[in-house]
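Residue numbers (the working numbering), protein chains in the order written: chain A, 26 to 136; chain B, 507 to 619.
I should point out that these hints are in silico values taken from the structure, not numbers from a laboratory. Cβ atoms here follow ideal geometry from the backbone N, Cα and C, with glycine treated the same way. Hints are not guaranteed to be accurate.
Simulated crosslink set (DSS-like; lysine-lysine; CA at most 27 angstroms straight-line) [unchecked claim]:
1) B/Lys560 - B/Lys577
2) B/Lys543 - A/Lys82
3) B/Lys562 - B/Lys614
4) B/Lys543 - B/Lys511
5) B/Lys511 - B/Lys577
6) B/Lys614 - B/Lys577
7) B/Lys614 - B/Lys543
8) A/Lys95 - A/Lys82
9) B/Lys511 - A/Lys82
10) B/Lys574 - B/Lys562
11) B/Lys574 - A/Lys36
12) A/Lys36 - B/Lys614
Across the chosen pairs, the derived CB separations fall in these ranges [what the hints assert, rightly or not]:
13) B/Lys560 - A/Asn53: 28 to 34 angstroms
14) B/Ala576 - A/Val37: 29 to 35 angstroms
15) B/Val584 - A/Asn53: 37 to 43 angstroms
Selected chain A positions facing chain B (in silico; Cβ < 8 angstroms) [claimed, not checked]:
16) Gly76
17) Tyr125
18) Gly130
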Amino acid sequence: DAGITQSPRHKVTETGTPVTLRCHQTENHRYMYWYRQDPGHGLRLIHYSYGVKDTDKGEVSDGYSVSRSKTEDFLLTLESATSSQTSVYFCAISEVAGSYTFGSGTRLTVV
Amino acid sequence: DQQVKQNSPSLSVQEGRISILNCDYTNSMFDYFLWYKKYPAEGPTFLISISSIKDKNEDGRFTVFLNKSAKHLSLHIVPSQPGDSAVYFCAAYSGAGSYQLTFGKGTKLSVIP
Numbered sequence: 026d027a028g029i030t031q032s033p034r035h036k037v038t039e040t041g042t043p044v045t046l047r048c049h050q051t052e053n054h055r056y057m058y059w060y061r062q063d064p065g066h067g068l069r070l071i072h073y074s075y076g077v078k079d080t081d082k083g084e085v086s087d088g089y090s091v092s093r094s095k096t097e098d099f100l101l102t103l104e105s106a107t108s109s110q111t112s113v114y115f116c117a118i119s120e121v122a123g124s125y126t127f128g129s130g131t132r133l134t135v136v
Numbered sequence: 507d508q509q510v511k512q513n514s515p516s517l518s519v520q521e522g523r524i525s526i527l528n529c530d531y532t533n534s535m536f537d538y539f540l541w542y543k544k545y546p547a548e549g550p551t552f553l554i555s556i557s558s559i560k561d562k563n564e565d566g567r568f569t570v571f572l573n574k575s576a577k578h579l580s581l582h583i584v585p586s587q588p589g590d591s592a593v594y595f596c597a598a599y600s601g602a603g604s605y606q607l608t609f610g611k612g613t614k615l616s617v618i619p
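Model the full assembly from the supplied sequences, consistent with the hints where possible.
Structure below.
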C-alpha cells in the first residue's frame with residue numbers, strides 16, 4: 026500500500042544476533058508504531074513515536090529498542106534476538122487519533 | 507490484564523447470512539472503538555468506528571453497535587460475502603490525548619459459499 030513500507034518482508038536470523046527492521050513512510054505523519062502479532066495474542070504494541078527523537082515504550086517493549094532520527098523512518102532493533110521474538114511485526118502510522126495505516130508486515134523467524 | 511477482549515477466536519457463517527462479531531472492554535476511559543480487518547500476508551485495514559456518544563454506526567453492509575453500560579460492542583455484517591473472510595480486530599482508545607490503540611486478539615471469520 027502506498028505511503029508506508031516495511032523492510033525486509035521476511036527474515037530468518039540466529040539466536041543472539043542483532044536485527045533491525047525498518048519502517049518508512051511518505052505521508053509525513055507524526056505518529057509511528059511498532060506492533061507484533063502472535064497467535065492467541067492479537068496485536069501488541071512494542072514501541073511508538075510521537076515525533077523525531079520522541080519515543081516511548083508499549084506493552085511488550087522488553088528486548089526491543091527503537092529510533093526515529095527522521096520523520097519518515099522508524100527503526101525497530103532487537104539487540105540480541107531470541108526465539109520468543111519470532112513473530113510478524115507491523116508498523117503503523119497515524120496523524121489523527123485512532124486512524125492507523127498499517128504496513129504489510131515483516132515475518133521474523135529466530136532459529 | 508486484557509483491556510479489549512474478543513472471546514471467539516473463530517466464526518463460520520453461510521454466505522448471505524448475518525455475521526456478528528463481539529468485543530468486550532474493561533477500561534472505562536475508552537471512548538472510541540474501531541474494527542480493523544486483516545487478510546493473510548497483509549496489514550490490518552480500518553473498517554468502521556464508533557464514538558461513545560453514539561450507540562450505532564452504519565456503513566453499507568457493516569454496522570457497529572455499542573452498549574456502554576455493558577462495555578460491549580458488536581460488528582454486524584449483512585449480508586456476509588466470501589470476500590469478508592478475514593481476521594477482525596476490535597480496538598479502542600481514550601480520546602484524552604492518547605493516540606495508542608489497544609487491540610483485541612481477533613476473530614477469524616469464515617464465510618462459506
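Which numbered hints are broken by the structure, listed smallest first? 11, 14 and 16
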